[in-house]
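Asker: Keeping their order, the protein sequence lines are chains A and B.
Per full-length UniProt numbering, the very first residue in the first sequence carries number 1; after that it's consecutive.
Per full-length UniProt numbering, the very first residue in the second sequence carries number 1; after that it's consecutive.
No lab work stands behind these hints: they were computed from the structure.
These numbers were taken from a predicted model, which means no experiment stands behind them.
In this text, a Cβ means the ideal position worked out from N, Cα and C, and glycines have one as well.
Not one of these hints is a red herring.
Mimicking DSS-like on lysine-lysine, the simulated pairs with C-alpha atoms at most 30 Å apart in a straight line are:
1. Lys-261(A) - Lys-285(A)
2. Lys-389(A) - Lys-186(A)
3. Lys-355(A) - Lys-285(A)
4. Lys-175(B) - Lys-47(B)
5. Lys-285(A) - Lys-222(A)
6. Lys-352(A) - Lys-261(A)
7. Lys-186(A) - Lys-162(B)
8. Lys-355(A) - Lys-162(B)
9. Lys-350(A) - Lys-162(B)
10. Lys-162(B) - Lys-352(A)
11. Lys-383(A) - Lys-285(A)
12. Lys-61(B) - Lys-162(B)
13. Lys-285(A) - Lys-162(B)
14. Lys-389(A) - Lys-285(A)
15. Lys-383(A) - Lys-355(A)
Derived coverage of chain B by chain A (criterion: at least 3 residues anywhere in the stretch with Cβ under 8 Å from a Cβ of chain A; other residues may be distant):
16. 72-82
17. 179-192
Among chain B residues calculated to face chain A with C-beta under 7 Å, some are:
18. Val-66
19. Gly-67
20. Arg-69
21. Ser-112
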Amino acid sequence: MASTSNEAPAVPPSLSLPPSQFARLQPHAYLLAHLSPPAATNQPSIRANGREPLQFRTTSANCGSLTHTNGSAVVRIGDTAAVCGVRAELLHTDDIASWSVARTSSASTNKRQRLAELGEDVTEEDNEDEDDQDRAHIEDLSLLVPNLSLSTGCAPGYLPGAPPSTTAQSISHEILSLLHSSRLVKADDLRIWYQPPNLGPEDEQMDVDEGAGKKAETEEQKPREIKAYWVLYIDIMIISLAGNPFDAAWASVVAALRDTKLPNAWWDVDNETVLCSDDVSEAHKLTLRGLPVASSFCVFEADAAAGWRAKPIPNAQQQKKDGKGRWILADPDGYEDNLAHERVSIVVDKEKNGKTVILKMEKVGGWTIDTEDLRRLVDVSSKRWDEMKQIFDQC
Amino acid sequence: MVGPTASLSNLHRADGSASYKCPVTGYDVLGAVNAPIELPARKDALKPEDATIEVFVKPGKATAGVGERYVERILRTMLEKVILGREKGLPRRGVVITLAAVGGEAAERGDSYITIIPALLHASLLALISAAVPLSMTFTTTLLGVTRSGQIIRDPSPAAAKAVASLHVLSFSSKGHLLLSESQGRFDFETWELVRQQAASICRAVATTGSDGDTDMGEGADGAHVDAFVRETVEDSLHRDYTWKLESA
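All chains should be modelled from the sequences, with the hints used to inform the complete structure.
Answerer: Here you go:
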């Protein structure tokens, strides 16, 4: 036709696209081409963002960035940035409806019963028991309240100002349940005790009958009471999201809790209220149990359609043999996050003797990862722990 | 040990439904599946060649909260791989799975929701089968707890689950793949391997190789493989559905 021949440019258009356009049009093929370069070129298998498959992005952390909070931190993992602020508020035990009931039924006996049911040795109880009581207190009274917000305009998919998306809610729950199961915060740090003074005359009146016991009684201290608790509101804002929000959010929570200082508080009998000192030197830091570090991985499959064909779902044994055609990518960025379906998330901590303890392990969304891969990923995560410890120690 | 009970197609207006009850943990889940249905709005725009899978979990006593969102996400990401969303008639349509916890203890705020995952997964699998949604494989799930002394207990009750050192939910496909592994608490990798071995022997009728021979034998004697249980339930329901045909033949 005449019109087309008129518009045809003198130079024939080149059929190649710039890489950025190719990445948008064919994201799967683009990443695959990076990960499996032709054998002839002798190039290493590398991700589209230039990282090795099991390499994490550069991470930085900064503590105490927000002045109006009790503790805060900004953690940046590549282009994902999370801000976390911890605010402490008082919860008077008078305001807890079930307080007097909860106090009389001691948690330890319940636990003893439970252990007995499980046929365990009840006698071997050390500080684990105390840990459990801690956990029960923190859980029952909801002393930790984390909330994650993604509606900050962090990524195009999340509208600013919109109600919390399902992802945000799900991560909030994960953080809370990890705070509980890792027992990171000690309940004792959150308690505000009151030592009732010995009021001599009253005591004497009470044990008039016991002449012998009187002296011993007056010397003995009255039992301490818990008058209030600190409730920690942990708010996390993801201000920029480029994949892997959980790792960044969790790192910011840990960094902020390490930074948290609670003011010295005491029960004032005359005012019948809790008073706090505004002297920074009297404030105390939280003593945390361990330093859990989260690392996430995703699996990129060469054949994206393998999951739906009628026949070629491989048997588990067969599949172990080849194992090609899929790559485990550490710390996926936003681009890789959209292309991968199977995910692994591991939270590890190291004990003083250097032994790695897993606090949480999640694998969902596929069938290519099994024992051997998970073992490798746990090793990678424990190496990541060393890196993150350095970063936390510096901030 | 009392085995679980299940029945298919109990609801008449849903495309498929199933109820699953586990007497040991006390969970009783009623599941309904509607598929394929037209989706409102443009939810199909993201992946036009695939079906959109939605999972809703309703707790027994309260409104759904953040914990349910978390469970829904796990179920959705797992089922997206199992449901053949590209079969004829499914792309750009929705598969909606609604699960209601009818009985059992409701998890409290910040509790681990992983104790209820096996019941939810079994109910959704049976409901999907009842709705005749094409699946690439079936799967079975089990909950294991590891006590402080390193003893592995099967299906701990919600109260017992609070006392264990770590909790594990593992799901295996009918072909032996590890589909889901959720673990919580303090444990090391060797413990997890033992748990995986035992879970595999509970879920699947195939004998496991390894040092764990005695537990395998015990489970075999019980005949309590979850795999066989799912199979029998579906067989029974099919048998009932086709009674007319069998009798006329």
